[in-house]
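**Q** Position chain Z against the provided structure of chain X, taking the given hints into account.
Just so you know, the sequences run in chain order X and Z. The first sequence begins at 1190 in the working numbering and counts up by one. The second sequence begins at 1190 in the working numbering and counts up by one.
These are calculated hints, taken from the structure and not from any lab test. One thing to keep in mind: the hints can contain errors.
Pairs count within a copy or across copies, as identical chains cannot be separated in the list.
What the hints assert, rightly or not - Quick list of in silico lysine to aspartate or glutamate cross-link-like pairs, EDC-like style, CA-CA up to 20 Å:
{"id": "1", "residue 1": "Lys-1232", "residue 2": "Glu-1348"}
{"id": "2", "residue 1": "Lys-1315", "residue 2": "Glu-1274"}
{"id": "3", "residue 1": "Lys-1330", "residue 2": "Glu-1278"}
{"id": "4", "residue 1": "Lys-1340", "residue 2": "Asp-1220"}
{"id": "5", "residue 1": "Lys-1232", "residue 2": "Asp-1220"}
{"id": "6", "residue 1": "Lys-1315", "residue 2": "Glu-1234"}
There are 2 protein chains.
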Amino acid sequence: MKIRIINPDYGVGEEAMAQRCSILQQFVGPDVELSMVCLTQTKVEINSAADVVLAGPEILELAKQAEQDGCDAVVLYCFSDPAAEACRERLRIPVVGGAQASVLQAPLVARQSGVILSDPARIGEKELFLPTLGIGPGRIKAIGAIHFQGKSIWDNREEAFAQLVEEGKRLIREQGVQCLILGCLSFLGLARPLSEKLGVPVIDPAIAAVCTAESLVRQGI
Amino acid sequence: MKIRIINPDYGVGEEAMAQRCSILQQFVGPDVELSMVCLTQTKVEINSAADVVLAGPEILELAKQAEQDGCDAVVLYCFSDPAAEACRERLRIPVVGGAQASVLQAPLVARQSGVILSDPARIGEKELFLPTLGIGPGRIKAIGAIHFQGKSIWDNREEAFAQLVEEGKRLIREQGVQCLILGCLSFLGLARPLSEKLGVPVIDPAIAAVCTAESLVRQGI
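Next up, chain X with everything else stripped away, as it sits in the complex:
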């Protein structure tokens, strides 16, 4: 089974993409082949609603290319699920975004969940966006954030993790959530240690999206 991961950020290096695939490979079956591509024409990173719009056409093109290349599913490697519905209109294979895959799993493990973003400035946007993904009202109880705007989560792992621990504790204590969802695909790999530290399930949207895509293909839906 071939799953193509579309990273909607411009110019991500080959090495960085291989590293993401190698981490994700641990969570899928041995017959699943992951590949990642990124934007090469549209010079944006997805940090705003405008970026989502600008990146849309190239994402659609990359998704169509994945289907032509014989891929069985496409994963949109972003917590904004850019152009997800548009890709579904154009493709016959499943298209799975990081945000939708993770919020739709949350009710299976908890009554109410909390989301942690990497930038507090985007909380309002996500409060309006997440309910459009098919999750029922009240299931996402609260959205918090760490302070990593403009700073690389990959280059500052320990600091990011320390902030996630504090924000996770706050959401559990003040909002009573029983599950946390990481609200940025750059948090890849931090869910498991965070879950061990805080004692609640933590959903990693990158892993959730890839596992969900694999599952949809196996089910033939």
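**A** Relative to the frame of chain X, chain Z by itself:
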């Protein structure tokens, strides 16, 4: 990985349970070991809200036993997800019901879905029940049914399939749904031929529940 499937109907035969497991085995990884148990004390089949209540205590006990036996997840083999939340309160491993697993997958493959039950008398119950599972309003556009009350779906496969084709066509034509969810675990195995016949994704709740349980375990959530 060991997944215990709890069939909440009384006295299902060993052969019938092995047959279900053998069909489901095709959709999971080679390292997944499926086993099924059924009610042996509480003499009900799940055909009403009262049955769900009566079966609850023994299901809780069987779920607890599964965890003690070293299982990694529990699947509730029913479209009423009997005692699902109660099992989650008592267990540390994931507990997945057929209805919740399938309705939470539907928004990943379609904007609006239709459900087909085996008995029209239960449409009202499911109209009230499904929205409690964490799916957003409007995602389940319509609930229909074939006429199989009191009749075995397993012993009348061709007739059941023919009725599913007709009811599926009706939901697609009259309600505009782009995906169908089979609303009874005894429809196991009919989703794929139905999807091929009607040209829309068809979600089998038995397969969805087992695949979802496997996915949650692999993700560690």
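**Q** Indicate, hint by hint, whether the structure satisfies it.
**A** Hint check results:
1. Lys-1232 <-> Glu-1348: This pair counts as neither: shortest intra-copy Cα distance 28 Å, inter-copy 57 Å.
2. Lys-1315 <-> Glu-1274: within (17 Å within a copy, 27 Å between copies)
3. Lys-1330 <-> Glu-1278: between (31 Å within a copy, 19 Å between copies)
4. Lys-1340 <-> Asp-1220: Neither way: Lys-1340 and Asp-1220 sit 36 Å apart in one copy and 40 Å across, limit 20 Å.
5. Lys-1232 <-> Asp-1220: neither (34 Å within a copy, 43 Å between copies)
6. Lys-1315 <-> Glu-1234: within (17 Å within a copy, 43 Å between copies)
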